[in-house]
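J.: Sequences are here, hints too, so could you generate the full structure?
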Amino acid sequence: MTFIGILAAIALPAYQDYISKSQVTRVVGELAAGKTAIDAALFDGKKPVLNEESTATKENIGLTTAPNSTKARSNLLAEDGITLTEANNVLTLKGTLGRNANKDIAGTEVNQSRDVNGNWSCTVKGVTGKGWKDKFIPAGCTKAT
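For the sequence shown, our numbering gives the first residue as 11, with consecutive numbering after it.
Everything labelled a hint here was simulated from the structure, so no lab data went into it. Even for Gly, the Cβ is constructed at its ideal location relative to N, Cα and C. Be careful, since some hints might not be right.
Using C-beta positions, here's what the derived DEER-type ranges look like [stated by the list, open to error]:
#1 Asn78 / Phe53: 22 to 28 Å
#2 Thr12 / Glu89: 43 to 49 Å
#3 Gly15 / Thr95: 47 to 53 Å
#4 Ala66 / Ile20: 54 to 60 Å
#5 Arg83 / Thr155: 49 to 55 Å
#6 Phe53 / Asn98: 20 to 26 Å
#7 Thr93 / Gly141: 20 to 26 Å
#8 Ala21 / Glu63: 46 to 52 Å
#9 Pro23 / Val126: 41 to 47 Å
#10 Ser64 / Ala24: 25 to 31 Å
#11 Tyr25 / Gly128: 37 to 43 Å
#12 Ile16 / Ser131: 38 to 44 Å
#13 Tyr25 / Leu52: 28 to 34 Å
T.: In structure tokens, the structure reads:
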């Protein structure tokens, strides 16, 4: 019986780590759909928007539950855990993990940023004081400073 307890003590944390990494990776993938929609809007000469109706000059990128909603479509993101901002010619699509995300990663921010030349970069800002580990950052993303 002791042997089974030891195996469980080793396997459970490894499984929790696997869940955390897979959830962060899933959010990166879900935000990738937004990247494609942002690029398409810009190529069409429109402003990409998140929680507004599409018009002749604006294109909704489709990551919220409805065009006029701020509620994230992903059940891993916090209720209002998705934003699209522009500063210094850089568009940043940010998802903040919440609702159904593992408690160790709730509050983690995934940022997909597009520079003026159309180059995308991904950064992940883990939560401090919880069970966050840098190994949860998926390939193709870097740790936010």
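J.: All the hints need checking, so say for each whether the structure fits it.
T.: Here is how each hint holds up against the structure:
no. : hint                       : verdict
1   : Asn78 / Phe53: 22 to 28 Å  : holds (24 Å)
2   : Thr12 / Glu89: 43 to 49 Å  : holds (44 Å)
3   : Gly15 / Thr95: 47 to 53 Å  : holds (49 Å)
4   : Ala66 / Ile20: 54 to 60 Å  : holds (59 Å)
5   : Arg83 / Thr155: 49 to 55 Å : violated (29 Å)
6   : Phe53 / Asn98: 20 to 26 Å  : holds (21 Å)
7   : Thr93 / Gly141: 20 to 26 Å : holds (25 Å)
8   : Ala21 / Glu63: 46 to 52 Å  : holds (49 Å)
9   : Pro23 / Val126: 41 to 47 Å : holds (43 Å)
10  : Ser64 / Ala24: 25 to 31 Å  : violated (45 Å)
11  : Tyr25 / Gly128: 37 to 43 Å : holds (39 Å)
12  : Ile16 / Ser131: 38 to 44 Å : holds (43 Å)
13  : Tyr25 / Leu52: 28 to 34 Å  : violated (41 Å)
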